[in-house]
Structure formats: C-alpha cells, structure tokens
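Residues per chain, in single letters:
2 protein chains.
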Amino acid sequence: MALRLTVLDKIIAVFKKHGAETIDTPIFERKEVLTGKYGEDSKLIYDLKDQGGEILSLRYDLTVPFARYLAMGKISSIKRYHIAKVYRRDNPSTTRGRYREFYQCDFDIAGQYDPMIPDAECIRIISEALQSLDVGPYTIRLNHRLLLDGIFAVCGVPSNKFRAVCSAIDKLDKNSWSEVKKEIIEEKGLDESSTDKIGIYVSRFGGIELISELRKDSELMKYESATKGLESMELLYKYCNILQVTDKVTFDLSLARGLDYYTGVIFEAILIGDDVGVGSVAGGGRYDNLVGMFDSKHKSIPCVGLSLGVERIFNVLETKLNKEGVKTRTTEVEVFVATAQKNLHEERMKLLSILWDAGVKAEQSYKRNVKLLAQLQYCEESGIPLAIIIGEGELARGEVTLRDVVSRTEISIPRAHLIEEIRKRL
Amino acid sequence: MALRLTVLDKIIAVFKKHGAETIDTPIFERKEVLTGKYGEDSKLIYDLKDQGGEILSLRYDLTVPFARYLAMGKISSIKRYHIAKVYRRDNPSTTRGRYREFYQCDFDIAGQYDPMIPDAECIRIISEALQSLDVGPYTIRLNHRLLLDGIFAVCGVPSNKFRAVCSAIDKLDKNSWSEVKKEIIEEKGLDESSTDKIGIYVSRFGGIELISELRKDSELMKYESATKGLESMELLYKYCNILQVTDKVTFDLSLARGLDYYTGVIFEAILIGDDVGVGSVAGGGRYDNLVGMFDSKHKSIPCVGLSLGVERIFNVLETKLNKEGVKTRTTEVEVFVATAQKNLHEERMKLLSILWDAGVKAEQSYKRNVKLLAQLQYCEESGIPLAIIIGEGELARGEVTLRDVVSRTEISIPRAHLIEEIRKRL
Numbered sequence: 317m318a319l320r321l322t323v324l325d326k327i328i329a330v331f332k333k334h335g336a337e338t339i340d341t342p343i344f345e346r347k348e349v350l351t352g353k354y355g356e357d358s359k360l361i362y363d364l365k366d367q368g369g370e371i372l373s374l375r376y377d378l379t380v381p382f383a384r385y386l387a388m389g390k391i392s393s394i395k396r397y398h399i400a401k402v403y404r405r406d407n408p409s410t411t412r413g414r415y416r417e418f419y420q421c422d423f424d425i426a427g428q429y430d431p432m433i434p435d436a437e438c439i440r441i442i443s444e445a446l447q448s449l450d451v452g453p454y455t456i457r458l459n460h461r462l463l464l465d466g467i468f469a470v471c472g473v474p475s476n477k478f479r480a481v482c483s484a485i486d487k488l489d490k491n492s493w494s495e496v497k498k499e500i501i502e503e504k505g506l507d508e509s510s511t512d513k514i515g516i517y518v519s520r521f522g523g524i525e526l527i528s529e530l531r532k533d534s535e536l537m538k539y540e541s542a543t544k545g546l547e548s549m550e551l552l553y554k555y556c557n558i559l560q561v562t563d564k565v566t567f568d569l570s571l572a573r574g575l576d577y578y579t580g581v582i583f584e585a586i587l588i589g590d591d592v593g594v595g596s597v598a599g600g601g602r603y604d605n606l607v608g609m610f611d612s613k614h615k616s617i618p619c620v621g622l623s624l625g626v627e628r629i630f631n632v633l634e635t636k637l638n639k640e641g642v643k644t645r646t647t648e649v650e651v652f653v654a655t656a657q658k659n660l661h662e663e664r665m666k667l668l669s670i671l672w673d674a675g676v677k678a679e680q681s682y683k684r685n686v687k688l689l690a691q692l693q694y695c696e697e698s699g700i701p702l703a704i705i706i707g708e709g710e711l712a713r714g715e716v717t718l719r720d721v722v723s724r725t726e727i728s729i730p731r732a733h734l735i736e737e738i739r740k741r742l
Numbered sequence: 317m318a319l320r321l322t323v324l325d326k327i328i329a330v331f332k333k334h335g336a337e338t339i340d341t342p343i344f345e346r347k348e349v350l351t352g353k354y355g356e357d358s359k360l361i362y363d364l365k366d367q368g369g370e371i372l373s374l375r376y377d378l379t380v381p382f383a384r385y386l387a388m389g390k391i392s393s394i395k396r397y398h399i400a401k402v403y404r405r406d407n408p409s410t411t412r413g414r415y416r417e418f419y420q421c422d423f424d425i426a427g428q429y430d431p432m433i434p435d436a437e438c439i440r441i442i443s444e445a446l447q448s449l450d451v452g453p454y455t456i457r458l459n460h461r462l463l464l465d466g467i468f469a470v471c472g473v474p475s476n477k478f479r480a481v482c483s484a485i486d487k488l489d490k491n492s493w494s495e496v497k498k499e500i501i502e503e504k505g506l507d508e509s510s511t512d513k514i515g516i517y518v519s520r521f522g523g524i525e526l527i528s529e530l531r532k533d534s535e536l537m538k539y540e541s542a543t544k545g546l547e548s549m550e551l552l553y554k555y556c557n558i559l560q561v562t563d564k565v566t567f568d569l570s571l572a573r574g575l576d577y578y579t580g581v582i583f584e585a586i587l588i589g590d591d592v593g594v595g596s597v598a599g600g601g602r603y604d605n606l607v608g609m610f611d612s613k614h615k616s617i618p619c620v621g622l623s624l625g626v627e628r629i630f631n632v633l634e635t636k637l638n639k640e641g642v643k644t645r646t647t648e649v650e651v652f653v654a655t656a657q658k659n660l661h662e663e664r665m666k667l668l669s670i671l672w673d674a675g676v677k678a679e680q681s682y683k684r685n686v687k688l689l690a691q692l693q694y695c696e697e698s699g700i701p702l703a704i705i706i707g708e709g710e711l712a713r714g715e716v717t718l719r720d721v722v723s724r725t726e727i728s729i730p731r732a733h734l735i736e737e738i739r740k741r742l
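These protein sequence lines are chains A and B, in that order.
Using my numbering, you'd call the opening residue of the first sequence number 317 and step up by one each time.
Using my numbering, you'd call the opening residue of the second sequence number 317 and step up by one each time.
Quick caveat, the hints were computed from the structure, so don't treat them as lab data.
Any given hint could turn out to be false.
Copies of the same chain look alike in the list, so a pair counts if it works inside one copy or between any two.
[Said to hold, decoys possible] Under the rule of at most 30 Å between Cα atoms (straight-line distance), these lysine-lysine pairs were calculated in the BS3-like manner:
1. K390 / K613
2. K487 / K740
3. K347 / K538
4. K687 / K332
5. K643 / K347
6. K554 / K636
7. K554 / K683
8. K401 / K326
9. K497 / K332
10. K532 / K643
11. K332 / K683
12. K332 / K636
13. K564 / K490
14. K544 / K353
15. K390 / K513
16. K332 / K658
17. K497 / K658
18. K365 / K513
19. K615 / K683
20. K554 / K532
21. K643 / K538
22. K332 / K613
23. K636 / K390
24. K666 / K544
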C-alpha cells in the first residue's frame, strides 16, 4: 500500500496539474447499465444476489458509470479524474497484473469542443504520468477508428464485421499474425484474401510520414472515413508537436483497442524493452456516443479519456525496487520515544503528548518495560530517523538524549529545546 | 468529493502522526467470514450472486476483515489505518448520514501490550481528529464492558442475556428510557425490578469521581468483573490525563455499543449542542477475541480500535460551510491561459506546455475561439487566481498580460520572466 499510494499520489498530481476535479460513483450499477457495453467480456461482470430491490452488478470499469453519471446529471462538460476499484470475474494472473479487484485510474474530458485539442492533452497527460512515475522508456501508440474502418472497407470487410475484426486485431500485442489471421477467418468468417490485405496494412507503423504515405494509397483514399481519419491524425500530430510529445508517440496501424465504444483517436502506452512482460500501461481514446446511450433523448456528449494501468505499473516498480534492494517504509514515523530504565512509560507518554501537539509523527512501544536495545533495533528496522531516550539521569537534569538512528550519534539537549532541535533535523 | 478529500486528508495526517501504516483488504469476503459477527444487523449484508466459485458477500465493516487478515497472515502486531467503503442493505437517510455505501475510517492497534496504553492513545486520536476537523465542541463518552457485566449481574440479569441487554441499552442515544425499558422487558424477557435497577445505573455519568462513587457500592463490588472494569477505567483516566484529553471525556454508564465483539473499554464521541442531529461521530473499543475466531487454533490477538463516522462529519461540515456561504473549489487550477483574439489557440497550447513543464496547474478552453469575457468569467466563477492573456500585440512584443483574477489588475511581463512571476504570486 505504501508503494501504491506513492504511485497514485504522483498520478493525482498530474491530473490536478491539468485542472481535473474528481468525482465518485457507486461501486454497483443497475445491471442493465452495464449490459451490452463490453462485448464478449460481459461474462466477466459480477452480479449481486437478488435480495429484493434493484438488480445490481459491480462496476466493470469507470467509463460506463461516468457516461451514465453525465447523462443522469445532465452534465454537458466536465474534466474529471476517478481513481477507484473495478471488478472482473477473471482468472487472476498476478505476474501480468490481472486481478479480480483492481484499481483503475481514469482521466476524461467531456464536452463539445474543437477537434483534437482535448485528445492531444490526453496524450500529454499519459506522457507526464509515465515520466513522473519513472517507469523507464515508453511509447504511446496512436491510431484512429475511422482510419481502421477505411482500411477494413478497402480490404472488403462488410461493415457489420468491423468491430468483430477490430477485437481480433486488438490481440496482436499478445498473439502472432498467423493466430489472429486464423481467428479472423475461422471465427469472424472473413475470406483469406481480405484477411491478407488487412495483414499488410496492420503491419505498418512509424511517425508522421506514415500519414503522407497512406495518402498515396488511392484505393484507400476513396473511403471518406479513411481521409477523415488521416486528417484527424495530422491535426493530432500538429498538437502533439506543440505539446512536446511527438518523440513519445508511434503511429501504429495494428492498434485497434478491444472495446466497442471508441469512435475516434485511440491510444495505448507500452514500455520499451519491458522484461516484466506487462503489456500496455495506459490506454484510451475518444468515445462520442456512449453518453447518448444513457440519455432518454439520446443526446450525446463527446468524450475522450485515458486509463492508466496502475496494477501493471505497481508490478513494474515493485520489481525495480526489489532489484535495487530499496525497502519502502510503511509508516512515516519521525521520532521514536524510548526509555533506558523500567517504569518510565508515563514519562514517555508525557513526551509523546508534547510531540503530537507539535505535529511531530511519533510513537513508542505499547509495553511498559522494553529493553533499550530492542527499542533502538526497531527504529533501525523501521527506518525511523530519530530516537529520544529518557532515563532517570535525563529526567533529573531536565534533558533528553536525542539519537540519530542511522549514524548512531547521540547528544543531550534540554527538554525546552527538544521540538526546535527535532524540526532542525527533519 | 473536494470537501470529502479535505476531511480524509486531515484524518490521515492524524493517523500517520501516530505511526500507523495502511493496509487494504478486498471488498468481498467469503460469506461465512461475516456470518454471526454483527448480531441482528446481519440481515443488512449484501450477498453476491452465485456465479460459480466462492460464495461472497460485500464487507459490512472494516473490523471483521481486519481480524480475518491478521489471523490468515499470522500477524501478531500491527498499528494500521484503513479508509474504505463498506456496504449495508439499509434504508438510506441522507440527513442522518446513513447510506448503503459509505466510507469507514478505522485505526486499530493489534498486539499483546500493557493495559490501557493503546486504549488511551485511541481516545487521544479521536480527540486530535475531531479537533483538526473543526467540527465544534464534542465529548468522548467512555465505559467498560466488564463494568457493564458487573452492573447487569448485580441487577439480576442472567449472563446469557448480557449482550442482548447491551444492544437494547445502546439505543438510549436515540430512544427514551421508557422505550428501552419496554424492549428489555418485552423482547429480552427481563423482569421489571431488574430493569428498573439497570435504569438507575445507566442514568449515571460524570468524570473520574464516578469511579470512587461506584467503589462505595458494596453490592456491585462483589462482582469481580465490576472491580476489574473500574480498575481499568482508573488506569485509563490516569493515561488520559497524561495525554491531555481528560477534559474531552465523560464516564457514561449508559454507553453500551451495539456490537457483540467488544470485551473491554468502549467509547463514542458525540458533538455537543449538535443541531444537525447526527448522533455519534466516532466510536470504538477493545475486542480481544475476534481474531481468534478466524484462527484454526483459536489463537487470539488483543485489539483496540476506533472508527470515525466520516459521513456524518461530511454532513456537519457541509452544513457549516453552506451557512457561512463558503464555496469549496473543485479543482486546484492556478493559471488559466486565455486569448484576446481569434485563432491563437496554438499559442495558448505552447504556453500551457511551458507552464506544465514548470509544474504549474494550468488550463485553457478546449475551443479554438472563445470570447475573452467568457474566459475571464470562467476564472472568476472557478476561483482560479491568475489568468494569462495573449493577443497579437503581446506576441509581437514577446510579452504576456498577467491578470490577477480577484483584483482584476493586469501587468505586462516578458515571456522569459513568466514562470518566475507566477511562482512569486502563488
């Protein structure tokens, strides 16, 4: 938890830097709110027992509850972050950071705005967050759902199979092309020549130059969704340049994202030279139609957002810290109050009361009599920087012994100067 | 959420000052873990649907999961805080701060320690927390389960009815004695003369003098549990005195606490002159046998802990802020970047990139062209202290206009000095 809270605090600082407020939504949603939003993964939703009242399920992500909240609250614009647990009846895999209960860390911008301005800021936020977490080199893969639609069209995919092919392509980060090809042909029912054409497109990636290369593809350019997608990508690149993140992004035609609700730019951050094998550590995209699904008049609110894969980031950082032999402190205690003789526990408590009044983080042993060595050993093991030692001599002289735990040096100081001296050393 | 997070941050600061670490436990527990721990309130437990696998329920409080965690992890001592949501299938009452999903804020000390040293620290922590939250005057009511047992015994209550009578007495903060008396006689099956004797005892409250008064009650002093309870109360008062909280406590024989698992000192903080009618804002006590219920060898670990009723505190503070007309900011934005002419949104983004790099919390409108007045109005409404305005003139001169939003004063400064000037003003 100590490591986790450090990570979350850094992420919250980035979200706040970009002016986000935070909201909370309940852990349960009415079952029908979640139904039909997650494609084939809907089987992983946890349902509550029917004990009378509403039929409820545990939230599966934070995006659908956010969209439901916007529609119910008639909120037409907001920039919010939400860090909370979500629930999936999955087969846990601790090494890959997959759990049944896990944190999601979302930032979303909702509102009718001008193209790509909020989208580019999302890319910048992912970059700032990963930078501040010091997870090592990364790239943010970019693509556009409209461009993918154009590609599927030019390859002869019927439009009712676009999303199904998308969810197959999405597995390219884990599976080989031949496996994905097999799924597209056998499960999605596409013919081999179309599939091979898709295979050539989705093998392409690079930088902004890919935009002009694709523009030369006259067959593809016949499809309006492809030209629109490329226009958007061009504007996004322009803004990424202004926001100084161009060197952090890759235009990657194999990026598809599994969820059905994306309608525009999609993105995903991966660690480079990642030996833990965690996969993506952030993802997101534009979803302009989701809020409308919860509005009685189908009035929609355009949204773009990102989600940081903090469970994976926890794993990466934990592995890193373990390798470096760094021990994370679980408390923030600054001063331990110890006694050198028996039956002085009331004197310790008097001192503690003074320290707490002064706002010093301080503790003692809850036993009346403990060996001094045991008390000092505890300080060293817990990484507490200072110890105050009182014995009968100190009490008689109105002094305390202040010990620097790391250097093991001690000085005597008058009790009246204690707080001042502690503040100087912390 | 902005108000809630301020409250929780203050509470966490107090918990950390006392050297606590934090842990997390899952939101669901196996159903059998929760069964039989909450007396008649067990009907309020939310169960998950049986979708295969374990039979699960949502946690009802944080104490039982904590005890389960200690037993399973073979942890013999820990001082931890845990702030998380718990779930009850109750009839919500927003005015009384009762919800189906709500925060609990717990601090517990587990371990084999000397009498009353951790217990007294819990009282001090409640006092520090309520003080730092500025909720107004309060008192912490104290009592001891052993003393109550002695009182019940001397009043002729059979020992198998102690806990049932306890849970009736616990309602004295909401109901009159005549209602409670009726419940004890009609539902718990006690005779009227015993009940009347109880009524006289539980009407007594005061300070440390109550201990010596009760010691003169020779009938009561025949019961070992009563003498033991009074001994404990005496020691607790001694330590409360050392920890400077004697003026914050009341020895109150009507305090019983509803839960079955308490075994020693019990306490409950109430607001004095509370016109919102929130009832108790903190509670807790010693529960030495709960961990043993989860250990295969029934090895127990003594525990004492407290829970802050933050939902009630949120209500009290919200009412107070509303009365005072204080508006809570929902974001922490320091600088808004505005443009005075059309088509300068890229210039805004360039400036934002510089501000974010410097760690300044900054935002802009996501629309390319917005009226300057609308931008400045937004700053005033959102409480953003500074606005940067750029127009073609400023750009040509390599300057920006920096506006103090409250005083509406503006100065021109060279771009190179912008960050420095902003830091000076924040």
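Any hints from earlier that this structure breaks? Give me their numbers in increasing order, please.
2, 3, 5, 6, 9, 10, 15, 17, 18, 21, 22
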